[in-house]
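*Asks:* Let's have the full structure, built from the sequences with the hints guiding it.
Quick note: the sequence shown, position 30, residue 592 per my numbering, numbers continuous.
Read the hints as simulated data drawn from the structure, not as lab findings.
Think of the CB as a built atom: it goes at the ideal place given N, C-alpha and C, for glycine as much as any other residue.
One or more of the hints may lead you astray.
[Claimed, not checked] Distance ranges between label pairs, derived from CB positions:
id, residue 1, residue 2, range
1, Pro611, Asp588, 26 to 32 Å
2, Val585, Asn621, 18 to 24 Å
3, Val585, Pro611, 27 to 33 Å
4, Gln589, Val624, 18 to 24 Å
5, Gly612, Asp586, 25 to 31 Å
6, Leu587, Val624, 16 to 22 Å
7, Pro611, Ala584, 33 to 39 Å
8, Leu618, Val595, 17 to 23 Å
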Amino acid sequence: MRQHSKWMFIFYMLLPYGTASAVDLDQGQQLYVQHCETCHGADGRGVMPGTPDLLLSDNMLVPDTVLAQLIENGAGIMPAYYGMLQRHEITNVIAYLRTLN
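*Replies:* So this is what it looks like as structure tokens:
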């Protein structure tokens, strides 16, 4: 039974972020406008000093799980959204970000 638990844990960790529900791009866009657009701009190119251009940034080449961690924990001048956004909302924001380029 212990071996089974180990494999279930590994399987769970390998699941893509937010697979339990369908992606809602409209909600992702609304949340982006509400929480991200002020610094990242409507097109994701960044409007504040120190804010990366999401269309050129290597940050967008990483898996969704890494982007989710950045959103949850914050990075640089970006605040952490852990507790402010639910997991499915973060998944929707990431899905919307992927449509910008």
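*Asks:* If a hint holds in the structure, say so; if it doesn't, say that too.
*Replies:* Status of the hints after comparison with the structure:
For the pair Pro611 and Asp588, the supplied restraint of 26 to 32 Å holds, since their beta-carbon distance comes to about 31 Å. About 19 Å separates the C-beta atoms of Val585 and Asn621, a value consistent with the hinted range of 18 to 24 Å. With their beta carbons about 32 Å apart, Val585 and Pro611 fall inside the hinted range of 27 to 33 Å. In this structure the hint that Gln589 and Val624 lie 18 to 24 Å apart at CB holds, the actual value being about 22 Å.
One distance hint, 25 to 31 Å for the beta-carbon pair Gly612 and Asp586, holds here, with the actual separation near 30 Å. Separated by about 20 Å at the C-beta atoms, Leu587 and Val624 satisfy the suggested range of 16 to 22 Å. For the pair Pro611 and Ala584, the beta carbons lie near 37 Å from each other, so the given range of 33 to 39 Å is met. Checking the proposed 17 to 23 Å range against Leu618 and Val595 shows it holds: the Cβ atoms sit about 21 Å from each other.
Every hint from the earlier list agrees with this structure, and none is contradicted.
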